[in-house]
Amino acid sequence: NAGVTQTPKFQVLKTGQSMTLQCAQDMNHEYMSWYRQDPGMGLRLIHYSVGAGITDQGEVPNGYNVSRSTTEDFPLRLLSAAPSQTSVYFCASKETVNEKLFFGSGTQLSVL
Amino acid sequence: QQQVKQSPQSLIVQKGGIPIINCAYENTAFDYFPWYQQFPGKGPALLIAIRPDVSEKKEGRFTISFNKSAKQFSLHIMDSQPGDSATYFCAASASGTASKLTFGTGTRLQVTL
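Quick note, the sequences are listed as chains A and B, same order.
First residue of the first sequence: 1, per my numbering; consecutive thereafter.
First residue of the second sequence: 113, per my numbering; consecutive thereafter.
Treat the hints with care, as some may be off.
No more than 30 Å apart at the CA atoms, straight line, and that leaves these computed lysine-lysine pairs for DSS-like [stated by the list, open to error]:
no., chain 1, residue 1, chain 2, residue 2
1, B, Lys154, A, Lys14
2, B, Lys117, B, Lys169
3, A, Lys100, B, Lys169
4, B, Lys154, B, Lys127
5, A, Lys100, A, Lys9
6, B, Lys212, A, Lys100
7, A, Lys100, B, Lys117
Hints in this document: simulated from the structure, not taken from any laboratory.
Build the full structure now, drawing on both the sequences and the hints.
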């Protein structure tokens with residue numbers, strides 16, 4: 001099992017550009033989520049999904065869009081990148097039984 | 113509003129020492145309290161977790177102590193090793209399939225020889 005796979009690992013954008021961060025999991029987890037990690041602020045929830053076709057906002061959703069067309073995939077879209085979105089982004093999926101989150105290895109994004 | 117407050121921000125201990133990381137929460141609906149360990153360049157990984165029906169849980173050298181009345185919980189690492197050097201995050205959530213994990217701000221632990 002690959003677990004949670006994120007691509008790309010690194011990305012540099014110019015202000016105003018759009019892009020999609022990819023996330024896929026092969027554990028058949030219904031719950032998936034996106035977090036951003038910033039120094040001194042821990043991990044903050046951006047968006048989450050409890051199953052295909054269902055998404056909801058987390059703590060810091062502005063500037064991001066998500067969709068969930070399949071159980072496996074949960075892409076995160078930056079609509080118009082801003083320097084404030086410079087961060088490390090983590091995708092995670094969760095076992096329903098014991099609440100354990102499985103994280104991907106992260107995408108380091110810089111917006112210039 | 114920070115719902116889970118974590119301290120200290122950083123910690124340096126000698127090999128064999130017992131680092132202690134503390135967390136406090138505000139939401140009384142929280143009923144799941146995990147600790148995650150993160151090495152540089154990697155995603156966080158679940159280390160140990162506790163529910164409020166017990167006051168302590170041990171897994172190997174890692175122990176969670178939980179004080180429901182004070183709304184506090186802490187991580188103790190016994191006989192710490194240089195390989196334990198990492199960032200540790202506490203977190204909390206309330207039950208439910210849509211339960212959202214709220215993380216503390218993290219503690220960077222360095223274990224020296």
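Outcome of the hint check:
1. Restraint check for Lys154 (chain B) and Lys14 (chain A): satisfied, since their Cα atoms lie roughly 25 Å apart, inside the 30 Å limit.
2. Restraint check: the Cα-Cα separation between Lys117 (chain B) and Lys169 (chain B) comes to about 21 Å, which is no more than 30 Å; the hinted pair holds.
3. At roughly 16 Å between alpha-carbon atoms, Lys100 (chain A) and Lys169 (chain B) fall within 30 Å of each other, so this suggested pair holds.
4. Between Lys154 (chain B) and Lys127 (chain B) the CA atoms are separated by roughly 23 Å; this keeps the pair inside 30 Å, and the hint holds.
5. For the proposed pair Lys100 (chain A) and Lys9 (chain A), the alpha carbon gap of about 23 Å is at most 30 Å, so the pair holds.
6. Taking the CA atoms of Lys212 (chain B) and Lys100 (chain A), the gap is near 12 Å; set against the 30 Å cutoff, the hint holds.
7. Only pairs whose Cα atoms come within 30 Å are accepted, and Lys100 (chain A) paired with Lys117 (chain B) is accepted, the gap being roughly 21 Å.
In the structure shown, no violation is registered for any of the earlier numbered hints.
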